[in-house]
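A.B. asks: If you read the sequences in order, they're chains A and B. 0 is the number of the first residue of the first sequence in numbering that gives the first Met the number 0; add one for each residue after it. 0 is the number of the first residue of the second sequence in numbering that gives the first Met the number 0; add one for each residue after it.
Take the hints with a grain of salt, since some may be wrong.
Stated by the list, open to error - Short derived list, chain B residues pointing at chain A, Cβ under 10 angstroms:
{"#": "1", "residue": "Arg-44"}
{"#": "2", "residue": "Arg-83"}
{"#": "3", "residue": "Lys-84"}
{"#": "4", "residue": "Ile-88"}
{"#": "5", "residue": "Met-90"}
{"#": "6", "residue": "His-94"}
{"#": "7", "residue": "Phe-98"}
{"#": "8", "residue": "Arg-113"}
{"#": "9", "residue": "Val-117"}
{"#": "10", "residue": "Pro-178"}
{"#": "11", "residue": "Val-181"}
No lab work stands behind these hints, which were simulated from the structure alone. All C-beta atoms, glycine included, are put in the ideal place defined by N, C-alpha and C.
Take a look at the letters that make up each chain.
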Amino acid sequence: MSSTEVTSGAGRPDDIVAVPVRRPGRWVAAVIVVVIAAAIVRSVVTDPHFEWSVVGEYLFATPILEGLVVTLELTVIAMIIGILLGVVLAVMRRSPNPLVSRASWLYIWFFRGTPVLVQLLFWYNIAALYPKLGIGIPFGPAFVHPDVNSLITAFRAAVLALGLNEAAYMAEIVRAGMISVDEGQTHAAQSLGMTRLQTMQRIVLPQAMRVIIPPTGNETISMLKTTSLASTIAVAELLYSAQLIYSRTYKVIPLLIVVSIWYIVCTSILYVGQYYLERHYGRGATREVKARQWLKMENLSASHDSGL
Amino acid sequence: MVSAEGVHKRFGRLEVLQGITLKVDPGEVMCLLGPSGSGKSTFLRCINHLEKINAGRLMVDGDLVGYRQVGDRLHELRESEVARKRAEIGMVFQHFNLFPHMTALDNVTCAPIRVKRVSREQARERANELLVRVGLADKVGAYPAQLSGGQQQRVAIARALAMEPKLMLFDEPTSALDPELVGEVLAAMQQLARDGMTMVVVTHEMGFAREVADKVVFMDGGVVVESGPPAEVLGAPRHERTRAFLSKVL
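Please take these sequences and the hints and turn them into a complete structure.
C.D. replies: Structural data, given as structure tokens:
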């Protein structure tokens with residue numbers, strides 16, 4: 000250790016003390032940024048059109064909070080559909096059966112190729128296309144005839160549209176994750192006698208997760224905001240609830256601010272969730288030994304000692 | 000244990016194996032030598048059906064690899080049957096291929112628990128024994144990224160042994176290692192050979208082949224050029240091609 004210690008003794012030169020280069024450009028840039036920021040803040044705080052008192056009044060209003068709950072429900076259900084169906088589509092894409100992989104390709108092509116707003120309107124009006132839904136033998140007699148108009152409510156149409164559209168994007172994300180796992184992993188798993196399903200479930204997907212999680216977090220945040228499209232088919236989510244209020248009171252700007260505040264709060268919470276998920280699936284990715292792992296290793300070697 | 004008769008393997012129009020005939024007896028250690036591209040690794044991968052052969056007959060422990068013979072017709076085995084056969088053959092790879100998201104212990108216990116349905120406690124006990132045997136008692140809870148190449152390869156050997164295989168395949172197990180780490184892996188393999196394991200080893204370690212192998216097979220261009228006891232093939236090669244190769248690697 001003594002050889003690496005910092006000393007100013009004989010043989011080792013003193014640390015360099017030099018006059019730093021002047022960087023006037025940085026000062027100019029900093030001043031510009033501060034001036035613009037100050038102007039924005041001043042406008043936001045003093046401009047009466049923002050009507051901050053109205054914002055405060057509606058921020059926790061019951062219809063707004065109810066709308067928020069619907070937005071969260073839509074986000075969660077649509078993402079669950081998107082992720083599950085996305086994994087299925089991604090696995091189908093890699094199937095050795097050409098018909099199965101083509102079907103998956105076709106699905107992704109179709110749902111990525113049309114705007115989600117158009118899909119939303121399509122599902123909302125699906126009753127015009129299929130007024131009756133039959134459950135029965137394909138091309139044969141049907142046993143149940145539910146009325147499609149009452150089956151596909153606005154909320155369900157939104158869930159379907161957002162979820163099915165999301166699945167196409169998730170499929171590509173999951174596929175990218177699976178491709179990122181080295182082929183040697185599959186060979187090793189197979190050589191140990193694991194089946195294709197076990198290899199996928201225990202070896203490939205857990206490793207693919209590291210690649211899948213960050214863009215999925217992105218998709219979730221994006222979905223939270225995309226649910227606002229459901230306002231066009233009168234689903235009482237956050238934006239639509241606000242629209243109902245301002246169409247009555249004409250307080251458009253303050254209510255849009257209320258809506259924005261809630262969206263930002265929710266996305267911020269999602270950021271935190273994503274951080275912990277990434278940490279969980281990052282296991283083994285670094286050489287660093289974390290405190291929790293030390294504890295586990297101690298336990299293991301302790302039980303191992305007693306076992307001998 | 001392994002018997003090959005005229006095994007052919009094509010990748011598209013490239014004929015990688017052009018009629019391999021050889022035999023490995025139980026308890027025997029066979030080293031496959033040869034220049035890169037000679038088909039050694041491909042042959043090894045055919046033995047546990049990671050690659051399908053195009054012609055010839057390949058048998059492990061008296062059973063055809065990947066097929067069942069009914070009358071004079073061959074039936075492809077179902078995936079689950081292939082998996083069951085593979086579980087009886089251990090394989091160690093050049094690049095270790097440890098599962099990076101699992102600790103050393105979980106790497107070793109994973110297959111016994113999932114494939115053989117061994118209880119978790121039993122699998123752990125056995126894994127601990129194996130990791131002690133390869134000299135890694137203190138690395139049980141480490142992730143692969145926290146281990147050196149030599150340590151990773153020894154975990155990989157323990158992982159393969161945990162399935163209690165009747166045959167072990169080694170695909171250039173020391174080629175990706177720093178020179179000073181090669182010894183520890185070869186020592187683990189030598190110990191295994193002494194314990195009577197049947198082994199097929201693709202290697203460039205001539206010292207290992209000479210000391211441990213019962214039989215050495217020299218391959219080039221998808222055929223067996225010559226084979227025999229290490230003293231003969233390495234000491235007094237009969238073929239010009241073998242001589243040329245050995246003069247470069249020894």
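A.B. asks: Take the hints in turn and mark each one as holding or not.
C.D. replies: We went through each hint and held it up to the structure:
Taken as an interface hint, B:Arg-44 checks out: its beta carbon lies about 8 angstroms from the nearest beta carbon of chain A, inside 10 angstroms. Among the interface hints, the one on B:Arg-83 holds; its C-beta lies about 6 angstroms from the nearest C-beta in chain A, closer than the 10 angstroms criterion. Hint status for B:Lys-84: holds, given a least beta-carbon distance of 8 angstroms to chain A, under 10 angstroms. Interface restraint check for B:Ile-88: the shortest CB-CB distance to chain A comes to about 7 angstroms, inside 10 angstroms, so the restraint holds.
Taken as an interface hint, B:Met-90 checks out: its beta carbon lies about 4 angstroms from the nearest beta carbon of chain A, inside 10 angstroms. At a threshold of 10 angstroms, the smallest CB-CB gap from B:His-94 to chain A is about 6 angstroms, leaving the interface hint in force. The closest approach between the C-beta of B:Phe-98 and any C-beta of chain A is roughly 6 angstroms, which is under the 10 angstroms cut-off, so the hint is satisfied. Interface hint at B:Arg-113: satisfied, since its Cβ lies 6 angstroms from the closest Cβ of chain A, which is below the 10 angstroms cut-off.
The restraint placing B:Val-117 at the interface with chain A is violated, with a minimum CB-CB distance near 12 angstroms, outside the 10 angstroms limit. Contact between B:Pro-178 and chain A, as hinted, is not supported at the beta carbon level, the nearest pair being about 22 angstroms apart and thus beyond 10 angstroms. Taken as an interface hint, B:Val-181 does not check out: its beta carbon lies about 20 angstroms from the nearest beta carbon of chain A, beyond 10 angstroms.
Violated hints, listed in ascending order, are 9, 10, 11; each of the other numbered hints is respected by the structure.
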